[in-house]
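2 protein chains.
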Amino acid sequence: MTVSTDLPILKALLGEPVPPAGCPSRFVLNHVTSKWGVLVLLALAEETLRWGELRRTVDGISEKMLAQTLQILERDGLVHREARPVIPPHVEYSLTPSGSEVVEHLLPLVIWAVDRGPEILARWEEPTGESGSPR
Amino acid sequence: MTVSTDLPILKALLGEPVPPAGCPSRFVLNHVTSKWGVLVLLALAEETLRWGELRRTVDGISEKMLAQTLQILERDGLVHREARPVIPPHVEYSLTPSGSEVVEHLLPLVIWAVDRGPEILARWEEPTGESGSPR
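For the protein sequence lines, the chains are F and W, in the order given.
For the first sequence, this note's numbering gives the first residue as 1, with consecutive numbering after it.
For the second sequence, this note's numbering gives the first residue as 1, with consecutive numbering after it.
Think of the hints as simulated: they come from the structure by calculation, not from any bench.
Any given hint might turn out to be false.
List of simulated lysine-lysine pairs, DSBU-like, C-alpha gap at most 35 Å [what the hints assert, rightly or not]: (1) K11/W x K35/F; (2) K11/F x K64/W; (3) K64/W x K35/W; (4) K35/F x K35/W; (5) K35/W x K11/F; (6) K64/F x K35/W; (7) K11/W x K64/F; (8) K35/F x K11/F; (9) K64/W x K64/F; (10) K35/F x K64/W; (11) K11/W x K35/W.
Covered by chain F, according to a simulated footprint, are these stretches of chain W (three or more residues, beta-carbon under 8 Å) [claimed, not checked]: (12) 18 to 29; (13) 40 to 51.
For each residue, glycine too, the CB sits at the ideal point set by N, CA and C.
Required output: the full structure, derived from the provided sequences and hints.
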């Protein structure tokens, strides 16, 4: 089965169906589709959040991974970090316009995953029956 | 800046903006957005491919990572593996209908990354100028 809709656009941009090694798109995809990158971007899709709020919203993320993920997304220009000179001082994180663009593209994929996740996970809970099959 | 289009759908499905720890969607997202998962799915978007063809199309993938990625995507029900009883025998890989669905959702994200990749990579090649700033 082949996919039609956007594939010709990708091939026109790249000259091939898959970004080659060293293509900047691979670098960017690794950031925005990383395990925690997706979830941090989603958390900020709805509202500006402080560090502690982000930590609670992205259930399960460690301090270290949150710091690392935010640094990468800020350097990419997808997340804006603002230190608020109030008392006590705090830092707020929000999506930049580019960050909002990427979330618009991530959301249909995440909705698909939420919709189909239980069915796909159930396949992993069945006995394989093919465990001895060669590649 | 907030995102409007699909966020209410995600919140209606989940009851919150970010899939919680243990949500099957996180399990599935980790497969379809993995570094090599994205590229293998894209390679199969256009046509059924044999092992060696896949290896060449997904520039840079090792034998080990290709085997592991295909096993995961097959178990997810996104890739179909067919052993052809011809001489010499060979195995073909193609997208299932679910695999085609996920590629339809991945393509706009990949096109965005191809389009914006050079600009984002350039930000990483600039001196930071903020290297001493606190979190």
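Taking the hints in turn, this is what the structure says about them:
Our distance criterion of 35 Å between C-alpha atoms is met by K11/W and K35/F, whose separation comes to about 19 Å. Between K11/F and K64/W the alpha-carbon distance is near 27 Å, which keeps this suggested pair within the 35 Å criterion. Between K64/W and K35/W the alpha-carbon distance is near 14 Å, which keeps this suggested pair within the 35 Å criterion. Only pairs whose Cα atoms come within 35 Å are accepted, and K35/F paired with K35/W is accepted, the gap being roughly 11 Å.
Taken as a hint, the K35/W and K11/F pair is honoured in the structure, with Cα atoms around 19 Å apart against an allowance of 35 Å. Taking the CA atoms of K64/F and K35/W, the gap is about 21 Å. The hint holds against a cut of 35 Å. Using a Cα cut-off of 35 Å, the hinted pair K11/W and K64/F holds, with the two alpha carbons roughly 27 Å apart. In summary, the hint linking K35/F to K11/F is supported, as the alpha carbons are separated by about 27 Å, within the 35 Å threshold.
Distance check on the hinted pair: K64/W and K64/F sit about 29 Å apart at the alpha-carbon level, within 35 Å; holds. Between the alpha carbons of K35/F and K64/W the distance comes to roughly 21 Å, so the proposed pair stays at or under 35 Å and holds. Pair hint K11/W plus K35/W holds up; C-alpha atoms about 27 Å apart against a cutoff of 35 Å. Evaluation of the coverage hint for the segment 18 to 29 of chain W: fulfilled, as 11 residues show C-beta separations to chain F shorter than 8 Å, against a requirement of three.
Coverage of the segment 40 to 51 of chain W by chain F holds in this model, with 6 residues showing a Cβ closer than 8 Å to a Cβ of that chain against a need of three.
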